[in-house]
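**Q** Chains as they are written, first to last, in our numbering: chain X, 96 to 146; chain E, 457 to 740; chain H, 180 to 714.
Any given hint could turn out to be false.
Stated by the list, open to error - Distance condition first, Cα-Cα at most 27 Å in a straight line; then the derived DSS-like pairs of lysine-lysine:
(1) E/K500 with E/K646
(2) E/K533 with H/K603
(3) H/K666 with H/K603
(4) H/K672 with E/K533
(5) H/K195 with H/K666
(6) H/K243 with H/K195
(7) H/K672 with E/K608
(8) H/K672 with H/K195
(9) E/K548 with E/K646
Unchecked claim - Chain E is faced by these chain H residues, among others (derived, beta-carbon under 8 Å):
(10) A334
(11) L495
(12) F496
(13) M502
(14) L524
(15) V534
(16) Y557
(17) R595
(18) A636
Honestly, the hints are just simulated from the structure, not real lab data.
Even for Gly, the Cβ is constructed at its ideal location relative to N, Cα and C.
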Amino acid sequence: MAPNTERDGVNARGVTLQQRRRVRLTTWVVSLIALAFYVGFIVLTVMRSHR
Amino acid sequence: MKRARLGRLLGSSVLGLAGRLPLAWGASGWDELNMPRGVTSASKSIYALHMMALWVCVGIAVVVFGVMIWSLIFHRKSRGAVPDVTLTHSTKVEVVWTTVPVLILVGMAIPAARLLVKINNNTDPQVNIRVTGFQWGWRYQYLGTTVSVISKISASSNAASQLHSGIRPTSVPHYLLSVDHQVVVPVGEKVRLLITSIDVIHSWWVPDLGVKRDAIPGYINEASFTIAADRPGTYRGQCTELCGRGHAYMPIVVRAVTPAAYQAWLKKHSSPRARRPRTPRQRP
Amino acid sequence: MAELHQTAAHAEHDHKPHGWRRWVFATNHKDIGTMYLIAAATMFLIGGLAAMAIRAQLFKSGMKLFDPTMFNSLTTMHGLIMIFGAIMPAWVGLANWMIPLQIGAPDMALPRLNNLSFWILPFAFTLMLASFFVPGGAVAGGWTMYPPLMQQFGAAFPMLIFAIHLMGISSILGAINVIVTIMNLRAPGMTLLRMPLFVWTWLITAYLLIAVMPVLAGAVTMQLTDHFFGTSFFNAAGGGDPVLFLHVFWFFGHPEVYILILPAFGIISEIIPTFSRKPLFGYEAMVYATASIAFLSFIVWGHHMFTVGMPVAAQLFFMLSTMLIAVPTGVKVFNWVATMWRGSLSFEPPMLFAVAFLFLFSIGGFSGLMLALVPSDYQYHGTYFVVAHFHYVLVPGAVFAIFGGVYYWLPKWSGRMYDMRLAKWHFWLSVIFVNVLFFPQHFLGLAGMPRRIPDYAPQFTDWNMVSSIGGFIFGASQVLFPYIVIKCIRSGKPIEANSPWDGAHGLEWELPCPAPYHSWQTPPTEAMLAHGAEH
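Please construct the entire structure, taking both the sequences and the accompanying hints into account.
**A** Here it is as structure tokens:
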């Protein structure tokens with residue numbers, strides 16, 4: 096990902112609109128990865144634990 | 457009052473330490489610094505591998521630390537050293553310091569892998585003993601016989617280890633490393649252990665035999681050793697997996713005897729008609 | 180432009196909220212970073228007190244200060260407090276302070292999430308420490324929490340598990356914030372391969388956290404349901420498998436140790452070039468080495484459990500993958516050495532800690548290599564050799580890097596210089612006595628002393644005494660650290676220039692000292708970036 100170069104829609108904190116949109120997207124993706132690891136490992140353990 | 461006692465304790469310890477330190481460099485003191493060579497071919501090979509790895513590490517350390525110390529001494533600002541700011545990259549050097557470690561690692565991995573395969577060979581045992589860990593002791597059942605030994609910390613160590621016992625550990629023979637009933641094995645014969653546990657995870661370790669294997673409920677782990685025929689003796693170890701309050705108080709003592717003496721011991725302690733295996737008499 | 184920015188920044192200064200609201204409702208990355216660092220220092224002292232108690236009990240054979248269960252609680256809580264309470268929050272605190280400054284971002288991307296991830300921690304720590312005072316005392320099964328032993332503890336057991344859940348949530352939220360910030364809020368022109376190494380190592384660490392903290396949470400949750408809801412995940416009597424917990428735990432546990440050390444690599448990579456007055460050698464190699472270490476950390480967990488009776492092929496695999504880690508780690512050490520080579524070295528406190536890190540972390544690496552060899556590990560496993568190994572990588576490794584980082588950036592945070600002489604005292608006392616404390620533990624382990632025992636056979640007394648004396652002096656000298664920091668903030672000599680270090684490069688040094696409350700609301704210019712980019 097390239098850093099932003101445009102400065103549209105800068106808010107009080109100095110963050111641009113484009114950045115805010117991408118922040119939302121990245122947060123979802125990373126959170127889902129964490130959730131997938133949590134659920135995935137419990138499912139794997141259940142499968143392995145009760146042979 | 458309390459302070460005086462603490463002072464005395466500190467004083468006596470420092471004196472004791474000073475008195476004993478020179479010993480650490482004497483022949484007998486080597487045991488305080490390094491892994492024992494042990495009495496099985498496995499333990500001796502492990503010792504050799506350990507020393508090889510140690511010397512390789514020392515060698516690498518001498519080179520790397522040598523370069524660092526050179527830099528620390530000669531490339532100081534206070535000596536007027538001028539930084540060579542162009543020195544930021546060198547493909548040649550980087551290839552060298554990636555490949556040379558790989559070669560060293562391969563050189564260490566090959567003997568280690570060979571030894572690993574060798575010492576995990578548990579086939580063709582002459583004696584089979586089931587070892588069951590419990591909180592806190594060990595039970596040894598000699599498979600194919602009626603002999604069974606329940607081995608717990610010796611009464612003298614147990615008494616000395618109690619809170620406010622007032623007994624000095626040095627006055628107890630083999631403090632925390634002696635048991636009421638020792639496990640007896642023959643020298644020169646391959647002994648296979650089938651290790652398990654009835655409660656929590658324990659680990660059966662005798663450094664001189666080069667054997668450490670976890671005792672896990674629901675699992676039967678295998679390990680085997682052959683004590684050199686000329687090394688009968690008593691070998692001591694401890695549980696090495698935290699198993700609760702008595703973790704430090706479940707030692708292992710293996711008494712290795714000649715095959716003839718072993719057979720005699722077995723015969724003496726087996727009772728062909730008894731349904732319940734008997735435990736041998738107390739042995740200090 | 181720079182002047183304009185500074186005046187703007189000073190105007191913003193007034194927006195600082197006052198009183199308790201500033202801290203409870205904090206969304207400013209600097210305030211949150213400060214709170215994280217204070218929390219970490221507090222927990223470091225509490226964990227240190229536990230360590231002092233442990234060393235007192237082990238002062239000599241037959242010493243009976245504590246009941247064995249109490250001793251086991253102390254070792255367990257020492258480990259958990261130091262890992263989850265001291266080192267990890269210290270890294271998050273440094274990340275909060277430094278990442279926005281170093282990439283030219285106005286703040287962390289998710290400031291309110293940042294507030295939440297900090298304020299979870301005091302509750303987690305309280306829950307964890309309160310478990311000392313419930314009937315039966317704190318959990319005494321080791322920080323590794325192996326079942327079935329873990330199932331034997333009383334009210335402290337669910338308390339610890341909830342505390343771990345809370346700390347895990349806090350870490351995951353913190354990691355999400357770091358990733359999102361680094362991915363999206365870099366200043367124009369700050370490409371990934373221009374980022375400072377502290378930012379790089381933290382980005383990789385954050386991914387490790389995202390991947391493994393949920394695994395830990397899952398594992399302890401399953402222990403909880405085994406205990407209270409009749410499941411048998413790890414209960415052999417019910418058809419479960421205790422070894423499975425070990426596998427799941429160490430799948431978390433090994434990346435976890437890299438979570439504790441990778442940011443240290445980043446800090447050392449910042450400090451050494453500054454005080455060598457020379458750019459970091461092999462910047463890209465450092466980045467790739469860090470990434471390789473992170474990748475390898477997922478496939479080496481079996482080396483923590485060589486004695487559980489895995490198939491020989493599995494043991495062989497874990498031995499080889501573990502040895503492989505020595506290659507990228509070696510590349511990093513060689514790069515640091517090459518950075519110092521033909522530099523112009525000076526030895527201010529941050530550099531002293533960094534140089535000590537290089538020597539002593541390497542010693543921890545050597546014992547790590549020895550531990551990787553499975554046959555030797557059969558003898559080392561579960562002994563003081565292992566204790567010596569991981570304390571060498573965590574104390575003169577991670578902790579020294581934290582000290583180095585604080586001494587490096589404290590002038591930037593406070594705008595004042597600390598007492599150099601006292602800081603050097605802190606360094607020399609630490610570096611000498613950390614070795615007196617931990618080096619003899621190698622001997623103890625080799626001679627056959629198991630870890631986690633409250634009493635030992637008399638032949639182990641000599642080196643235990645040496646170790647305890649080293650421990651007491653090391654512990655006492657750490658009191659200097661908060662004193663130096665507080666003294667600096669209260670009455671240190673103000674710094675006029677942007678940087679007290681003549682060799683320092685990086686965007687944080689383009690800002691005035693102290694860094695204004697709101698920084699980089701106007702992104703840094705390309706000229707600042709070029710000046711900062713030393714690589």
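**Q** May I ask which of the numbered hints given earlier this structure violates, with the numbers listed in increasing order?
**A** When the structure is compared with the hints, numbers 6, 7, 9, 10, 12, 17 turn out to be violated.
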